[in-house]
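The listed protein sequences correspond, in order, to chains S and W. For what it's worth, this note's numbering labels the leading residue of the first sequence as 1, then goes sequentially. For what it's worth, this note's numbering labels the leading residue of the second sequence as 1, then goes sequentially.
Heads up, some of the hints might be wrong.
The calculated EDC-like cross-link candidates involving lysine to aspartate or glutamate, where the alpha carbons are at most 16 Å apart (straight line), are [claimed, not checked]: (1) W:Lys253 <-> W:Asp129; (2) S:Lys91 <-> S:Glu153; (3) W:Lys183 <-> W:Asp286; (4) W:Lys253 <-> W:Glu213; (5) S:Lys140 <-> W:Glu213; (6) S:Lys140 <-> W:Glu152.
Keep in mind that the hints were calculated from the coordinates and are not lab data.
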Amino acid sequence: MGRVVLVTGVSRGLGGRFARRIAADPSVDRVIGVDVVPPRGDLGTVAFVRADIRNPVIAKVIAGEDVDTVVHLSVLAYGDRAARGGRSAMKEHNVIGTMQLLAACQQATGLERLVVRSSAAVYGSSSRDPAMFTEDMGAKRLPRSGYAKDVLEVEGYVRGFARRRPDVAVTMLRAANTVGPGVSSTLTEYFRLPAVPTVLGYDARLQLLHESDLLGVLQHATLGGVHGTFNVAGDGIVMLSQAVRRLGRPSLPMPPVALGMVATASRRPRLRRMHVELDALLTFGRGLDTSRMREVLGFSPAYTTEEAFADFARSVPPGPLPRVLPALVPDAAGAGRG
Amino acid sequence: MREPGPAGGIPAGEWVQALAAAAAEVFGEDWERKAAELLAFLRRRLTGDYRVDEYGFDPEVTERLLLAAVRPLKERWFRVEVRGAENIPTSGGALVVSNHSGTVPVDGLVTMVSVHDAVGRHLRPLGADLVFRLPLIGELARKGGATLACNEDAQRMLSDGELVGVWPEGFKGIGKPFSERYKLQRFGRGGFVSAAMRTGVPIVPCSVVGAEEIYPLVGNVPALARLLGLPYLPVTPFFPWLGPLGLVPLPSKWLIEFGEPIRTDMYAQGDEGAADDPMLVFNVTDQVRETIQQTLYSLLVRRGPVFG
């Protein structure tokens, strides 16, 4: 008998794609997708249940369908469709939703695995950070608001659940910022700006994860059932200045205060919260040690940070400056003449 | 063949000749290759077609701009004499431990250039978190190969086989008054020794004479320093009195000596080993400190006049 997988957050970006992908796996019998809003695309063989994970109905679904694996993808960042109600709705969805989901999981005797998509945002970004965070390290400056704080609280509840249900293999994936042609996040919106504002006098180290590797690691974790917390990111880093140049866009270095003002004045809703979510990241950056991902979880991403960014850059319309995309333009001689 | 050029009566051929002559004037005989190299460099920088390591180290910028900018300072201004370069390991991880002085950490930059020119390796400095908090300076520090002085980063770099530089006196060293010159301050908690022990790499003591005199620190404005979040705000005989002119370092004569490496690989490695024995760590720390202090005294005698 194959696995029965419940996936939360299937109506957003990668959630639906992950549900379809896992449903195609021969070792999986059934996939149940849950979200508060109906999915935009076709979910294929995935059975969709419109339910709010903040509602105890979720417990009935888990028990009634004999779910043995829960994949929790429903931690919202700013600008997600389900988070339109503003910051308080987002926080309620993220924190209360996770609490309800975990309470339901705790009741479910047949549950064997829990996979949570967490984020490297839990490490924060500051001048006192080590170059590479390992999973045992904490943030030097704890995130006080926004998505990062939600993720931190979600992780706390998940750890509590893992203590109460030692028989369940809990895999927590701290994913680096995800990029790719199909990703719409605050960071990708930021890179799509015609001229990219940066923090004057700072150059952040960015480590990225390609969207297909995020799907890959989620599948790997769902089928593998390895207990533990893992950083997930592509190899290597790019500097923010370097990334902007690779896009062929001009960068606009400005003092942090001005950057916040630009973000607030922006017409794009995601960018309005940019300074909250990305300010520290775009100033100091963040690196992740992924040796535990390779050695214990047994997953290797297909894309390095550079390759992931190059693939994303191809989906961005070219800017006014010349650019070199490694795989498409192998010999870039002469491309520098502007 | 002569055709009228676009700029009126002057023929195109003469324009080209004049440009070639100008290029030869600027770049020397080998100007075509050098100009091509420069263009290629500019193209790579403009398109972001270069690599940095996980600490943000940018070898190209470091070699072509940072080190190249400090080199004349090292060779012409301070006339640095490097001794004991054969003590710097040419491969594998090693920890260079140096004294710190001079109000502004110029000694670190000069040591980086000296190491690079002597053995062709990049010295990777460990810096205080203040360095990375400051705009521009933090950015340049990361590009130049520096990372935060913490155990995690030190061990990571050393086990990757890098040549790491540390100035354990920190701000106590560079910010000490001129009257205390060449008196080593406390060497922190010896964290650098335990990092070396855990990774089993040799410690190379490095003594720098000359940096103490570049900006003689005669006063401090603690209130203003606190307001700016800085460890001290220096007053020298020329700064801030002469304005920007006061920023010119005095041309003291420098001697840099690399001592014999102190091995640490005989101590048990790993987390349970000698690195957690505080007594042993303090002993090795003292040994390194004493070596540097004694070398400083003998170098001072050797040097003779300060500006000689």
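Evaluation of the provided hints:
no. : hint                  : result
1   : W:Lys253 <-> W:Asp129 : violated, 30 Å
2   : S:Lys91 <-> S:Glu153  : holds, 10 Å
3   : W:Lys183 <-> W:Asp286 : holds, 14 Å
4   : W:Lys253 <-> W:Glu213 : holds, 9 Å
5   : S:Lys140 <-> W:Glu213 : violated, 37 Å
6   : S:Lys140 <-> W:Glu152 : holds, 13 Å
Going through the hint list in order, the structure does not satisfy hints 1, 5.
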